[in-house]
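Chemist: Given chain A, work out where chain B should sit, using these hints.
Chains as they are written, first to last, in full-length UniProt numbering: chain A, 1 to 301; chain B, 1 to 301.
Check each hint, because a few of them may be wrong.
In this list, chains with the same sequence are indistinguishable; a pair is considered to hold if it fits within one copy or across any two.
[Stated by the list, open to error] The calculated lysine to aspartate or glutamate pairs, modelled on EDC-like cross-linking and capped at a C-alpha distance of 16 angstroms, are:
| # | residue 1 | residue 2 |
| --- | --- | --- |
| 1 | K203 | E151 |
| 2 | K245 | D105 |
| 3 | K280 | E166 |
| 4 | K257 | D275 |
| 5 | K45 | E300 |
| 6 | K54 | D84 |
| 7 | K243 | D105 |
It is worth saying that the hints were derived from the structure and are not from the lab.
2 protein chains.
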Amino acid sequence: MKLNILGCYSATPRTFTNPTSQVLEINNHLFLIDCGEGTQVQLRKNKIKFSRIKHIFISHLHGDHYFGLVGLISTFRLLTREVDLHIYGPKGLKEVITLQMKLSDSWTNYQLIFHELTSKDSELIFEDDKVEVYTIPLQHRVYTNGFLFKEKEGERKLDMNAVRNEDINQAYYRKLKQGFDVENNKGKLVKNDAVTLPPPKPKSYAFCSDTAYDEAKIPLIKGVDVLYHESTFLEKNANLCEKTKHSSAIQAATIAKKANAGKLILGHYSTRYDDISLFKTEAETVFSHVELADDGKIFEF
Amino acid sequence: MKLNILGCYSATPRTFTNPTSQVLEINNHLFLIDCGEGTQVQLRKNKIKFSRIKHIFISHLHGDHYFGLVGLISTFRLLTREVDLHIYGPKGLKEVITLQMKLSDSWTNYQLIFHELTSKDSELIFEDDKVEVYTIPLQHRVYTNGFLFKEKEGERKLDMNAVRNEDINQAYYRKLKQGFDVENNKGKLVKNDAVTLPPPKPKSYAFCSDTAYDEAKIPLIKGVDVLYHESTFLEKNANLCEKTKHSSAIQAATIAKKANAGKLILGHYSTRYDDISLFKTEAETVFSHVELADDGKIFEF
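One chain only, chain A, in its complex shape:
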């Protein structure tokens, strides 16, 4: 998995900082998560191929998370895109996008498929043979979902030395990978685990922004490899968290710790702070594996 941060600052686009948007590369998918104003320029700067984006996930309808979406849709049209585009986001998103297409008399020549979300419970919203995406209901001022991206358990790997020693016909390799015991060329039943190795542990990534401190999501993200959790405020402004339904660095770290996450990435910093390193310092008082998101930064895991 590879996570490319396009923007990770809160509230408004500024000269050197961008509102929320990120691209998760997982099993050949490029999932775009949130799409603040300027995302299409950030995609260009980060050399991400527009045509590879087929699924866009929007957490909520505050502008810093979606004002760049209509422009991106429009640019896809101008680039004569033909591939379907799936958009997952709160109810209302379809209305606002289609209204703007109607007013400009600019309909897409590709299929635009909206998956509008309304449930307050976690839902499976995307699935193929290798990946699943679930919503993570979050607590914010408006209806908001985080997203959990999970690889499915892969196939077992062949231990080629053992396979050859056991003299197993190549026709059975597929069954071995799927976990079955097979007969070898001498008619002997070979136990699967004698000639295969377990598949790599499936990886998972949880995006949680924007949200107040809320332990209700912990069961959903338990044991996640990487957790991106918003941390809008430092401790000195932690009093603003409750009113604005945002989190502090320490609150994000507390969720990471309680969820037993492998790693915590912080982001959605208030632009009032000049030095984001303090977010890491504060979070590390609670949880050790903390990284700071920043615009243009790439995480591979």
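Modeler: Okay, now just chain B, sitting in the frame of chain A:
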């Protein structure tokens, strides 16, 4: 008058080029004309004080002319603006902006006053004691207006030597500036033009984008000091003008010549061209006073 080009390229925002937006400073007003995606960042880069913008003019509802508006309105709110904001643009603009405010539950704490335009004839849409703004109906794929900004005729200037020679009481200076004849201290009627000078010639600026070649607007912009006219295409692609309802550099220059404009500024270049200097070269075959807009460029006149 001072014109600050924030963006002057067509279609989509790119790494180094911005869609249409410009700020006209005229008699202490800062008028924002069009507001493509990224305009608020361009305003910051060009060090334009957000609070001085009180009137925004939107030519039409293609995204490259207004997708940055909702974000700018939202940023004004976050900056705790209190001053009214007037927005002039095609019918539909109010609906799309208010829908997005409703969905984000983020209403402005300042007054947002929409002046929706529907007329196909030129209208006076703004007026104070020094400036008038008229629409210029344009021919494009959707309902579009250009805008004509005109200084009103100012007051006459006192010729102080003549005034003192004629021994005119200071109480009459106001009347003199307004063009009246007055009595001097000896009871003699002094003709106004004997002691005053004509006011400076009022200046005017016409913004015409996007538009096909259309001579119907010439009477409206006759004698304008500065004409900004879109020139999306060079001659080699002039065949695209009719279909897309855009203009070539030569067509823009032809309008400037027929309108007897003082100066022509070209812009709205298609991003297919690497070298915009060719727009000037081609336009100059028809009209001599041609300038090229470019992002960040300032024209004073």
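Chemist: Cα distance capped at 16 angstroms. Does K280 pair with E166 within a copy, between copies, both, or neither?
Modeler: Classified as neither; 53 angstroms inside a copy, 78 angstroms across copies.
Chemist: Since the copies are identical, ignore which copy is meant and state whether K54 and D84 lie within 16 angstroms (CA to CA) inside a copy, between copies, both or neither.
Modeler: Within one copy, since 7 angstroms is at most 16 angstroms while 41 angstroms is not.
Chemist: At most 16 angstroms between C-alpha atoms: does K243 with D105 qualify within a copy, between copies, both, or neither?
Modeler: Between copies only: 15 angstroms across chains, 41 angstroms inside a chain, cut-off 16 angstroms.
Chemist: As a check of your reading, is K45 near E300 (CA-CA no more than 16 angstroms) within one copy, between copies, both or neither?
Modeler: neither (19 angstroms within a copy, 33 angstroms between copies)
Chemist: Is the C-alpha distance from K257 to D275 at most 16 angstroms within one copy, between copies, in both cases, or in neither?
Modeler: For K257 and D275, the Cα distance exceeds 16 angstroms both inside one copy (24 angstroms) and across copies (55 angstroms).
Chemist: Give the relationship of K245 and D105 under a CA distance limit of 16 angstroms: within one copy only, between copies only, both, or neither.
Modeler: between (38 angstroms within a copy, 14 angstroms between copies)
Chemist: Within, between, both or neither: how does the pair K203, E151 come out at a Cα-Cα threshold of 16 angstroms?
Modeler: The answer is within: 5 angstroms in one copy meets 16 angstroms, while 65 angstroms across copies does not.
Checked against the numbered hints given earlier, the structure breaks hints 3, 4 and 5 and satisfies all the rest.
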